[in-house]
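Those protein sequence lines, which keep their order, are chains A and B. For what it's worth, the numbering used here labels the leading residue of the first sequence as 1, then goes sequentially. For what it's worth, the numbering used here labels the leading residue of the second sequence as 1, then goes sequentially.
The hints are simulated quantities; they were obtained by calculation from the structure and are not laboratory data. Beta carbons: idealized from backbone N, C-alpha and C, even for Gly. There could be a bad hint or two in this list.
[To be verified] Calculated cross-link-like contacts (lysine to any residue; reagent style SDA-like; alpha-carbon spacing at most 25 angstroms):
| # | chain 1 | residue 1 | chain 2 | residue 2 |
| --- | --- | --- | --- | --- |
| 1 | A | Lys-54 | B | Ser-66 |
| 2 | A | Lys-103 | B | Thr-83 |
| 3 | A | Lys-103 | B | Arg-51 |
| 4 | A | Lys-103 | B | Leu-106 |
| 5 | A | Lys-103 | B | Ser-66 |
| 6 | A | Lys-54 | B | Thr-83 |
| 7 | A | Lys-57 | A | Ala-46 |
| 8 | A | Lys-54 | B | Arg-51 |
[Said to hold, decoys possible] Here are some chain B residues the structure puts well away from chain A; computed CB gaps all over 12 angstroms:
| # | residue |
| --- | --- |
| 9 | Val-59 |
| 10 | Leu-106 |
| 11 | Ala-118 |
[Stated by the list, open to error] Residues on chain A that point at chain B, a partial pick, calculated with CB under 10 angstroms:
| # | residue |
| --- | --- |
| 12 | Phe-16 |
| 13 | Thr-37 |
| 14 | Ser-39 |
| 15 | Trp-89 |
| 16 | Asp-105 |
| 17 | Ala-106 |
| 18 | Leu-108 |
| 19 | Arg-109 |
| 20 | Asp-110 |
| 21 | Leu-111 |
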Amino acid sequence: MTTAGTTGEDRLDAAFIALADPTRRAIVARLARGDATVSELAAPFAMTLPGISKHLKVLERCGVISRTRHAQFRPCHLEAGALDAAVGWIEESRRAWSERFDKLDAHLRDLQRGPAADQAGTAGG
Amino acid sequence: MADRAPAAGELTCTRVFDAPRELVFRCLLEPAHLTHFWGPAGVSTPLETIRVDPRPGGVFEAVMVSDADGRRYPTRAVYVEITEPERIVWTEPGSGLTTTSVFRDLGGGRTEVEIRQANAPAGYRTPQARAGFATSLDRLAAYLGPRGGSR
Chain A
1 MTTAGTTGED RLDAAFIALA DPTRRAIVAR LARGDATVSE LAAPFAMTLP GISKHLKVLE
61 RCGVISRTRH AQFRPCHLEA GALDAAVGWI EESRRAWSER FDKLDAHLRD LQRGPAADQA
121 GTAGG
Chain B
1 MADRAPAAGE LTCTRVFDAP RELVFRCLLE PAHLTHFWGP AGVSTPLETI RVDPRPGGVF
61 EAVMVSDADG RRYPTRAVYV EITEPERIVW TEPGSGLTTT SVFRDLGGGR TEVEIRQANA
121 PAGYRTPQAR AGFATSLDRL AAYLGPRGGS R
């Protein structure tokens, strides 16, 4: 963890904003396979280029994608690191609850085995 | 276990316990129980670090301590709703993370607990955003997991 504690949270927020829209998720999924131009990205959608561009701007602002400045077709590139925060949070959270539930299950067994077993849960290690 | 995905569609985690609902509910709310399981694997939650003020607006605090290196991970949340023995909702003011625990009596002394979590600060707790979460946040995580989750 770095000294700038809020950076991670900001990135997490940005990632969730970026992914809150189905079109943007589809764009991200497409870019996960490789860079693409705006018209390539627009092709599968019944959406105008300006409509797609709006989503790309959101993704760019959130740091999820980047676009080459000089190239004529400005291909979009997925900044995979930007989503690590969101993906990591989801996986981390699910794992934590699953492990917590394992322990709760053991605790409930101890409890229902009788009062004498109450000391069994001290460390659970 | 997303067979009963909630409309809001946040991250969910469901488990069935062989215990009556009242008991399971108390486990999620009383420090003497929480200390036994609040920390995930490899993490303990000492009883003296747990504070529970079980009413809307009351605090829930706990410090998880890593068994390996003693690092401390504080949890600080505020209860939004406590409906015994059905529902507990708390939110973490720092991150906006909201956690809803739903307790269902399955009969025969069995209880299903469903945890729903969403990082939904007021700023984007819009219907569109929530619908977005509903569709495929979980699936997207699975999809991106192999490349993004390895760090």
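- For which of the previously enumerated hints does the structure constitute a violation, in increasing order of number? 1, 6, 8, 11, 13 and 14
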